[in-house]
Structure formats: C-alpha cells, structure tokens
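Number of protein chains: 2
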Amino acid sequence: MHHTSHKVEIIFIVLAIFALWNAASNFFSVKRVLIGRPMRTSELNAQKNKLIWFIALPILSADLYSSVAYGPEAGMTELAGLGPSAKWLIVPITFSTIFLLIILILSYIMGILAYPNGGGSYAIAKDNFKEKWVALLASSSLLVDYILTVSVSVSAAVEAVSSAYPVVAPFETILAILCIVILLVINLRGVAESAKIFAWPTIGFMTCMLVLVFTGLLNESHLGFVQKNTPPFGSIPKGLSNLLLLKAFSSACSALTGIETISNSVPVFRDPKPKSAIKTYIALGIITSITLIGFGYHLYVQGISPNVHNTMLSQLAAIYFGHGIFYQIIIWFTFLVLVLAANSTFTGFSQLAAIVAEDGFLPRALTHRGDRLGYSNGIIVLASTASILIITFHAHTNALIPLYAIGVFLSFTIAQIGLVKRWKREKGPHWKTKLMINAVGALVTSAVAFIFGVTKFTSGAWIVLLIIPILIFLSLKVYRHYEEVTNELKIDIHTIHPEESQVISLVLVSGVHHLVNTTLSFAKGISDHPIAIYVGFDDQSIERMEAEWKEWGSPCRLVTIKSRYRSVLQPLTRFLRLIEEKKPDQAQVQVIIPQFISKKWWHNLLHNHMALFLRVWLMRNKNIIITMVPYHLKQ
Amino acid sequence: MHHTSHKVEIIFIVLAIFALWNAASNFFSVKRVLIGRPMRTSELNAQKNKLIWFIALPILSADLYSSVAYGPEAGMTELAGLGPSAKWLIVPITFSTIFLLIILILSYIMGILAYPNGGGSYAIAKDNFKEKWVALLASSSLLVDYILTVSVSVSAAVEAVSSAYPVVAPFETILAILCIVILLVINLRGVAESAKIFAWPTIGFMTCMLVLVFTGLLNESHLGFVQKNTPPFGSIPKGLSNLLLLKAFSSACSALTGIETISNSVPVFRDPKPKSAIKTYIALGIITSITLIGFGYHLYVQGISPNVHNTMLSQLAAIYFGHGIFYQIIIWFTFLVLVLAANSTFTGFSQLAAIVAEDGFLPRALTHRGDRLGYSNGIIVLASTASILIITFHAHTNALIPLYAIGVFLSFTIAQIGLVKRWKREKGPHWKTKLMINAVGALVTSAVAFIFGVTKFTSGAWIVLLIIPILIFLSLKVYRHYEEVTNELKIDIHTIHPEESQVISLVLVSGVHHLVNTTLSFAKGISDHPIAIYVGFDDQSIERMEAEWKEWGSPCRLVTIKSRYRSVLQPLTRFLRLIEEKKPDQAQVQVIIPQFISKKWWHNLLHNHMALFLRVWLMRNKNIIITMVPYHLKQ
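Just so you know, the sequences run in chain order S and A.
Here the working numbering = 1-based position in the first sequence + 1008.
Here the working numbering = 1-based position in the second sequence + 1008.
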C-alpha cells in the first residue's frame, strides 16, 4: 500500500520537475547537453537531414509493422470461445487483412500522386471538402489516435518485458513513463538524428519475423503441412455468427494501423520525395504481406490458441527455438519495435498538429519549431497526454488496443472520399482507374470503421466517438477566436497613426531608500510631474513618511493613503479609479513599481511580493500601464 | 493498490486547489463566505475580542489536558515487558508527573509575573541572554514542536475514531487532511470567534474525565480498594533497571506538553491580563492533578495493561460503563479534544512565528495580519507543513508522540535559566523565593530533556536534535540577509536626491495593428525618440514589416533583427547589450512590451506568451526597466 503511494508520488515529482525544467530551461546547459546545439531555420531543408527511402522504411513503418505482433492474435481472441474447430479461420482472416492492406497501400499511393508535397487525410479533406468539420474530423481522429498509440505501444512494450521478467512488474508505470521521457528527449533532438538511432531495431525485428517465417517453412517442408496439432480445415464451428466473424475481422485489422505514417511524412524524404515514398510503400507492403501470411499460416499448422499470459508470437517462437537466445532476441525486439511505434507517432503527431494549427484550428504555439527544428510543443503535448493516460490506467492499456483503430479508419475513409472527389474534378491521366481504386478504398475502410464502431461500442468505442466531436467543436471555437482577435486588432493603416499620449505617471514608494531614488530618477526622466504614492497601515507610519519626504526635499508630489484593512491593493484601486474618472479621455495612466530581484532563490521567501501581486492584478483588471523598475540585490 | 494511488492523487489535487485558492483568492467571494468580512486594525485591541479566563481555560488547555489521555499509557507501555508485578509503578510515576506539573506551573507563574505583557520561552531568552542562538534555540524547538503537535494530535484523533469504526480506516489520511483544512479555515476567521466554537468540547472532555474519576471512587468505596485484578503493591519486578524507570518516567511526562500555551498567550486574555492568566494556570493545575491521580490510581486498582488496539482509557471506561452511550461519548470527546489540541497550537505557532519574524529571524511575511487579524501566513505555513507530515507518514504518526516532548522541555529549560538570571539581576520583592522556584524548575526540566534525548535518541529523537540546529542556522542567515539589504538600500538623505535620468525607450512590435498603435502612442507620450524593434524569423517577414511600416508613415525609427534560431530572446539580448555598451553611464534603458490580456482563461492557451517570458527573463537577468502595455481582448 505504501509502496504504490510512493510510486505515484515519485511520478508526480518527476513530472513536476520535468514540467518546470521545460518551462524555464532555455538557459540551462542541461538542455544543450540533452537536446544538442540549436539549429538554424535554413538547416530545415538541407538534404543531409532528409531520409533515404530504405532508412525511412524501418523508421516510418515501426507503427504498422509492430502491429503484426498483435493483430492476428486480436482477431483469434474473438473466436477463442468456439473451440479448436474455429482455428482454421485464421487463414481466411489473414488473407482478408492482406487484401485490405493492398487496397490501402494502393489508395495511399494515389494520395501521394495527387499530393506530391505530402498531405495526410487532413490535407486531402481540406482540399476537397468545403465544410471545415470534415477536415477537422480527419485531424481530430488522427490526433486522438496518435495519443492512444503512444500510451498503448509503450504500455504493451513494458508489459512484454515484465511478462518475461516478473521482477519488474511493480515498476511498470514508472518504466513506461521513463520510456516516454526518453522518446521525448530523442524527439526534441530532431527527426534526422532519431533516424540513425531508430532504424536498426526495426530492421532487427523485421529480420526476426522473416527468420521465423522461413524457419516455419523449413519445419513444414521436413515435417509436412499437416502436423500432430494442425486443426481440421474448412469445418463450420458451432455458434459462428456473422457478427462474430465481423468482430474477429475488425480486430485483426488493428494490424493495419500506422499505414498512414508514410503518406503524412512525405516531406521528410530525400528528393524525389513522392517516388521515395511510393517505393517505401511498396517495399513495406511486400514485407508485411509475407510476414502476415507466413506467421498466420504457421500459427494454423501448429494449432496455437491465444493465451493471456503468453502471446501467440512467443508460443510459436518457443516451438521453433525453445526458450533460448533467439527467443530472448525476439522478445526484446518486440519491446523495441513497440517503443519505436510510439516514436514514429511523435513525428506524425507534431507535424499534423502544426499543419492544423497553421490553419488556425489549434493553438499557434504548436507551429513553433524548437531549437532542433522539431515542433517541440506538439512533442511535449503528446508526451504529457500519453503520460497522463498511462498514469491513469497504471500502464494497463491493452484493453484500448482495438479502440484506437476507429479513429484511423475514420480518417482513412475521409481521405478516400476526398480523393474520389478530386479525381472527378481534376481528371488527369488514368483518372478513372485512380478514382476506382479510391472508391473501393472508401467503401472498404468505411465498412471497417462502421463494423468497429458497432461491435466495439460498449467496450470503449463510445469514448473515442465522444471525444472526437468535442475536439472538432473546440477546434472551431479556436478558429473563431483567432478570427475575431484579428478583426479586433485590424486598423486602417492610412487613417490611424500613433498620437503622442498624455501620460499620468504614479510611483509606488515604500520609504526613502536607494531603490526609491533610482525609481524616481527614472520617473522624472519620462514625466514632468510624477506623483509618488505611499500606502500606510497606521497614522504613525504615514506621519513618519511625510516627515522624511520633506527632509528629502520633496523630490515630487507625495500622496499618502491610509489602509485600515492592511491591504495595499484596495486603497490603491480606489485611488486609481478616482484618477481614471478625472483624467482626460485620451490620457493613459502608468503605475511605476520598484521591485527587488533576489540573488538566491530562497531570498525570494524573505521579501514581500506585493509588487508582483499588484502587477498581476492591475494588468488583469485595469487598463493601466505597468512599469517595473528592478533592483538587483547584491546580497 | 489502485485505491491507495487514487487516494494520494486526490490529496495532491485537493492541496493544489487549496494552494491556488490561497494564492489568488483575495478577490473571490468564497473567501468572504469562509473567512468573514475583513476587520480594521483598530479592532485588534477591542476588549470584546479578548478572552475571559474561564473561557480561555478550555481553549488554551486542550493541548495539555488532552495529553492525559495518552501520558500515563505511554509510561506504562515502557514497563509492559516486566509483567504484572510492575503494574503498581503507575502510582509513583503518576505522582512524580504531578510533582513536575506543579513545579512547571509555579515556574510559569513566575514567568508571567516577570513578563506581564506575555512572552514565552523566546521572549524570556531574548531578554536575558546576549547570545542570539539561545533565544533561537527556544523558538526553533517550540516551532518544530507545534508542527509535530498538530500532525500527531490530528492523526491520533482520526485513529481514535477509526479504531471505534474500522470502516473509515482506509480514509485516515484524507480525514486528517480534512480536519486540518477545517482548523485552517476556523483559524483564518480569527481567535475570538474560535473561542466560542472550541470552548465546549474541551469542557465536555473534562467533564467526562472527572465523571470517570468520580465513578471509580464510588466503585472503590463499594467494592474496596483491593479488587480481584488489583496487582500487588511495592514489589520490585525482575529486570527493572534505572534506565527503564527513567524511560517510563520521561514517556509519562509527554502528558505535560502544552503547558506553555497559556504563558505564550497572555495578550489574548481580557484585562487584567497577568491575573487572568495566573488564575487559569492554577485552575488547570488543580483539574489536571485530580484527573491524573484519579485516573492513574483507578488503572492500578483495575490492573489494566497497555494494549495497542484498545487504549487504557477505553478499557477503564468499558469496565465502568460497558460499551454503551457513555463509552461512545468518551471516545468522541477524546477525538474532539485531540483536534482542539491541534487548534490551540495554531494560535501559538502563528503568534510565536510573528514575534520571531518581527525580530528579523524569519520571513517578514509571517508578521502580516490577515483580513481577520490572525497571522494568516503563519497559520497557512503550519497547516501545510503538518499536512505534508501527515501525507508522508500516512496519518500513522503515533510513533512521534514521545519525540515532540524534547523540544518542549528544551525550551522550558531555557526559559527557567533565563528567569533565574533575571531575578538575580533585577531582584524585587521575594526575589530569592522566585529564583529558587525557577532554579528547581531549570534543574528538573533540563534533567527531563536530557533523559528524553538519551533514552529516545535512536528511536527518532535524533531527527528533532538535527532539525533544531538547522533552523537556528537558517534563522541567523535570514537575519544577516535582512541586515545586509537594509545597509545596501540606505542612502544619505541629504546628499543623494533623484536626478532626472536620460531614458532610452525601446518598443517591441510584432506588426502594424491596434495594440502596437496604442503602445506607440504611450511611448511617444513619455519619450521624444522611441525606437521600435521587430524580430523576424525570415527575410520575407522582415521585408513585409519594413514595407508596412513605411506605408504607415514611419511613426518612429524601426530596427529589424533577423533571428536565425527562431528565438526572440537571443537577438534581443544581443541588441540590448549593444545599447548598454554605447549608452551614457547614467542613462536607463526601458523596454516597452505590448501584451494581450485574454477574457477567458482558456484563451491564454491560444496566445504567444513571449511577452510574459521576456519580462521574467529580462527582469531577472538585466538591469532594464520593463513596461507592459495591456490590451484587454473584447473576445
């Protein structure tokens, strides 16, 4: 009991430290060490920071290819209740998944041909639908989906390791947060460098999977395609309904999430971008198909059933290789590839958020590139929200795996319909074939999205279907706010010019000392008749101040105010209201506040923060100009 | 497991909300409702807010009298290992406790006679010792002790209830925090009003205890003074050592903590203050002695042993009254009186902290009286630190009970020695008797403090003995800082006068719009030659800005700076360094920053906080005057 609480406290502390660090770290060298030297904007388009297609392949495909590890299993889990006679269904389900994969890849290649400068579902929807909400539906679905991907992938990765090594089980949440922090730092360093770090593990996992498939083939060529555990083929199991089959199919389709990453990331490729992207798509399609067919068929031949404590991948690997070194390698590459799936999402999320923010639908801060040219704010937003999800669910987010496919397939559908509209409008070479491909794509993806929404509604899909409209609504409100502010600030450049204002300058004084002297020197420099204001809590202090002022030779007019309630703010605001009522219409009121700046942080505790407090309150509640005169304490 | 984490999270959230509320709530009506209308400083000395002695008695004695509930038990627990033949020792131990009580009360009455305007150990030490650290030793011991008292009393109160009703056991921490929040609100309302709320429960507990003692006497007059469970008297148990006896005695002395409250609180009494305070001391001494003798003797007659799950008080009450309604009443009054012990500490802590802060040894903020004339900051500091202790120890702080007596007895000793020095110096009527009383007091309390420190050193006393010197050290550093700042700020009023400064005014502009227009109007009002500064991230934006500026008729000189690293701060500071190098020695540099003020809090997310960020950085790192021109967005 105590242990868990401490764990949560540690997480809170770590997050708090990190938040503070991020908020104010621009000037600490730790940031330089972790993030690297700042980069010039002109380095953005340098070819050397762009990706060659066969390095982009492993980086951008981690999200899709890692799903191979759980997609077929998710499908078979739905049919587990029907007994061994349903096991053969993995073969047709895998084939229909691959069929869907091919349709999707073809559709996305059409997308790249139509938008060679890159553009995911959002850009396509924006270009082809007049209604703003359609594009926002695409972007909101994807953004929600990206957040879910990070939490789910990282949690799954940590769980994979903790199933192999139960000793780390109590630290799952902390480890998952640690993974996210590492991903955060790496992504703040920038995309090109991540490439070099991240290409190899995915290549490793791909190799593992291909070795596994090849080993299976060898095994079957020696022992035959029907082995002692191979279930019967083609029998219709009792209790099989169309709904159940659809559920199994849609769950298996979760293996296809992440396919949009390449098309969203066209700008990160080396020239010629569209051709590189298409090459990557084709290569990825071939590798994924081979893996899926081989993996699915070997699962059938060995008659493997889904098991909560032992993944089907782990079971198959154990049959071929035992629990030796190669089994360990597969487990660790599964871990790495799931973490990389989360990583590819960082680029995707921050770029999409920046594009949508550029259009005024999200806070503009998301368009700012950080020191290392990544969209730092988007990267930080993703890391934080994913961390909150992980903490809330204590890193047990597997239940969410099937859910996040809804968002993806919704955005797939919008993109396909948008492309159909485009081909119809723009025509061009082979437009009818292209239109046909995208029409089929739209049909299939909308069917899958619909099946997902219906079959998973009660088990959590409703959350996603609730959050997406809320996000669309908020995006539209953000857009309206920016539009209104722009209109409010607009001036006619030819008729309105800055006229010299009459400025009434008030100086808050707390006695006669060095800081007041400096502040009055400044006030006299900018105003002919500054007025000093002193707020006292009793008659004695006011009399003392007036006497001292006189002795000082009355450097300017002094107004003393007695505060019977020991508050500076209330008498001051009453006085300011009086001045505002009497001043000419065009005159501006300026309050000059002297402020100590302590040398050591703990000295801040020793000084009155009236200056700070007054500034915040006056800025928020009054139309008054605030000037702070700093005095840096030597002690 | 999940449950606990949520509990901790809830506490964090509650604390965070509370902290925010406190920081910024001056202007929300919720504070008015909870705390009440603000009071004038002149209401401070009104007699109607002062306490009559017999109302002060229950309020100021809750701390001491509540210890009766656990003092004898704490002593007997030390001897539990010796078996039934040690049970009779409760009688001599109780008598020696009462002997100590009488000596302490006499010494404190001497203290009031010497310092009729009130003054606890700190005031006495300050007046009689030249060395600052002696007074600080007294104040630090007491302040640490007050914090421990609040956490221990509140935790014990909650545990009392949760032993009677196990259903609340999982919520102990939250309930303890809730108690502290309630005490906090009540104390922020002010001391006189707390009086009316808090007098009755203590009176109730006293009545309960006296009824219990009287019932015991009746019981013994019927059934005899030797009953079936009465252990033998006077036998020396095997294994009894002097060290063990000292340990038992010192633990029993924890019943005497809180005795200093009355002498520290003389100013809250109605006139004549010293006489009222002395009356209260005598009455309290009589009631406490009767209770302790009766309670201790009945425990012996009934042969009750200490039991972790059932207090000796609860056992004795159950023998006389069964588990019926009167037993329930005793349990609940025990709860209330322990909470009240915490309450009397709030007044004590905040007043002592204010006195020490007035002398410059603690942050001055502790001397500020809040709206309701209580020392709000001290009250808030006490509530927060006690809450942190409770959260850290999950409301299981009983182990700390014997520890906090060290601080008290240390400060007792210092006060007694101080008084001895004073009688020797000042003489006056009966000075030799008074000196004798305080000399005996000093001897006894120093012996108890020494016994505590030695016998409890390994079980936690070392923490207290470590923290107190640290506090003394910090207090001396605080004092030095205030002294140095005062010297640094001091000016010769006859030779130094504010001379009109030459001011260089720079205006940050981000384009040509309404806010820039207002800001430039102001700048022209205070400066003949303001300079506008524009920081652009690329050549296009700079060219566009320059063209627009020209079209606007160049209202003042415009300097454009290109930032290759997308940062405004770095090129700006480079530019400022240039200006600082070239400016005349006496000239001051002013940066004028226009700032949006959003209407709704969430709109803050949509705007760039460059203005805020720049202000914080420049204030902290440069000797530059910052002016903020607010623009309140209508949307």
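Don't read these hints as lab results, they were simulated from the structure.
A hint or two may mislead.
One copy or any two copies: either way a pair holds, since identical chains are not told apart in the list.
Stated by the list, open to error - With a cut-off of at most 27 Å between alpha-carbon atoms, the simulated DSS-like pairs for lysine-lysine come out as follows: (1) Lys1570 - Lys1134; (2) Lys1138 - Lys1532; (3) Lys1608 - Lys1630; (4) Lys1140 - Lys1607; (5) Lys1429 - Lys1558; (6) Lys1498 - Lys1532; (7) Lys1630 - Lys1532; (8) Lys1485 - Lys1607.
Problem set entry | Intra/inter-copy verdict for lysine 1498 and lysine 1532 if alpha-carbon distance must be at most 27 Å | Result: close only across copies, 21 Å inter versus 35 Å intra.
Exercise. Checking lysine 1429 and lysine 1558: alpha-carbon separation at most 27 Å within a copy, between copies, both or neither?
Worked result: Neither. Shortest intra-copy (83 Å) and inter-copy (45 Å) distances fail the 27 Å Cα cut-off.
Exercise. Between copies, within a copy, both or neither: which fits lysine 1138 and lysine 1532 at Cα up to 27 Å?
Worked result: Neither, since 59 Å and 47 Å both go past 27 Å.
For this session: Have a look at lysine 1485 and lysine 1607 and pick one of within, between, both or neither, based on CA distance no larger than 27 Å.
Result: between (44 Å within a copy, 14 Å between copies)
Exercise. Using 27 Å as the alpha-carbon threshold, which applies to lysine 1140 and lysine 1607: within, between, both, or neither?
Worked result: Between. Shortest inter-copy distance 26 Å satisfies the 27 Å Cα cut-off; intra-copy 52 Å does not.
For this session: Up to 27 Å between alpha-carbons, please classify lysine 1630 paired with lysine 1532: within, between, both or neither.
Result: both (24 Å within a copy, 21 Å between copies)
For this session: First find the shortest C-alpha distance between lysine 1608 and lysine 1630 inside one copy, then the shortest across copies, and answer within, between, both or neither for a cut-off of 27 Å.
Result: between (32 Å within a copy, 15 Å between copies)
Exercise. Is it within, between, both or neither when you check lysine 1570 against lysine 1134 at 27 Å Cα-Cα?
Worked result: Classified as neither: same-chain Cα gap 62 Å, cross-chain 33 Å, threshold 27 Å.
In summary, the structure is inconsistent with hints 1, 2, 5 from the numbered list given earlier, while agreeing with the others.
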